[in-house]
Amino acid sequence: EDQVTQSPEALRLQEGESSSLNCSYTVSGLRGLFWYRQDPGKGPEFLFTLYSAGEEKEKERLKATLTKKESFLHITAPKPEDSATYLCAVQARFGGSGNTGKLIFGQGTTLQVKP
Amino acid sequence: DAGITQSPRHKVTETGTPVTLRCHQTENHRYMYWYRQDPGHGLRLIHYSYGVKDTDKGEVSDGYSVSRSKTEDFLLTLESATSSQTSVYFCALRTENFEQYFGPGTRLTVT
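As they're listed, the protein sequences go chains B and D.
So for the first sequence, the numbering used here puts the first residue at 1; every next one is plus one.
So for the second sequence, the numbering used here puts the first residue at 1001; every next one is plus one.
So here's chain D without its partners, still in its complex pose:
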C-alpha cells in the first residue's frame, strides 16, 4: 500500500464549472501523475510532477491544469468542465525503482 488517497471519490458537476481533484500521498515520493481512464482509450497521462512546483504536460493536457505546493499533495483542476472530461481520474506516484502505484480513483460526471 503506497498510501495514496484521492478526493472526492465521486463528483457530478455541470458544464462550464471549475472542478479540482485532490491527490494526497503519505510518503515522500518526488514523482506524481494524473491519468484518466476511458473505455477504448485505456489509461492516458494528463500531467505529471517531478517536485514541488515542478510540473509538466502529458498527452491529454488540454483543459486541465495542475499544482503542487507541497510534496504530499497534487491537485488537478478542470478549468471549465466539459462533457468530454467525464471520466475516471487516477493519481499515481513513482518509487525510486520506477514502479507506479495508483490511488483509488475519482469518478467525475459532467452534465
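Here chain B stands alone, though its shape is the one from the complex:
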C-alpha cells in the first residue's frame, strides 16, 4: 500500500535556527514527490516537485532533497514568516494512483519559528 509518513508532527525553532523536515514514503513506482506549504485557513501552496533520487530543488530558504525512501525539506536560517504546515505527497506511477494522478498525503509538519 502506498504510504507517506512525515516527522516530526510539530517543530518549534528560533529565528535563524536551521533544521530539516522528513517525509518517508513507500510507493509502487514513484512518479513524483511534492512539497506544499499550508497556512491556516488557506489551501496548500505548491513548493516543489522531485522526480528521481538524488534530485534537489531550492527556493529562498527552502531546499528539498530526495532519496529512494525519503525526502527532506531543509530550512536554512528560518524567519517567522516561514511558520506554516508543510505537507508532503507522492504520486505513484503504477496502479490506480498512476491512472488517477491521485496524491497520497502525509499528515504534515507544523513549523513555528519564533523571533
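Hints listed in this document are in silico derivations from the structure and should not be mistaken for laboratory results.
Be aware that a few hints might be false.
[Said to hold, decoys possible] Pulled a few chain B residues facing chain D out of the computed Cβ check, cut under 8 Å:
(1) PHE34
(2) LYS42
(3) PRO44
(4) LYS102
Remember, predicted model here, so these are calculated numbers, not experimental data.
Where a beta carbon is used, it is the ideal one built from N, C-alpha and C, also for glycine.
Put chain D on the given structure of chain B with help from the hints.
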C-alpha cells in the same frame, strides 16, 4: 497562481439537506480533483475528473457525487448532508507535469 476559485467559501447547513460546492478554473486543465481535509486524516481524495463528463471515485466517495459539464467547472454535491461531512473541502487541478494546484477551500459545517 493556477486560477482556481471555490464557492461558497463558508457554508453552514442542516443535516439531510443537499449541498453543492463549486470549483472554477480559468485555464484549460483536463484533470480536476475534490479533496477533504480533516484533523488526523490529512487530505483525502473524494472524486476526480479527467475530462468533461468523465469522472471517477476516490477513496472517500460515499455520500458525494460530482459533475463536470464544462472544462472550467467541477461541482461536488453532498446528496444528503451528514455531520460526518463537516470538513474543509479543496478543489485542485493537475498540470501536464503532474503538479497539482489547490483552491482556497470551502469550510462546510453540517449541524
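Now for the hints, and whether the structure bears them out:
1. PHE34: With a minimum Cβ separation of about 7 Å from chain D (threshold 8 Å), the hint on PHE34(B) holds.
2. LYS42: holds (6 Å)
3. PRO44: For PRO44(B), the interface hint holds, since the closest Cβ of chain D sits about 5 Å away, which is under 8 Å.
4. LYS102: Since the shortest Cβ distance to chain D is 5 Å, the answer is holds.
When each numbered hint is compared with the structure, no violation occurs for any of them.
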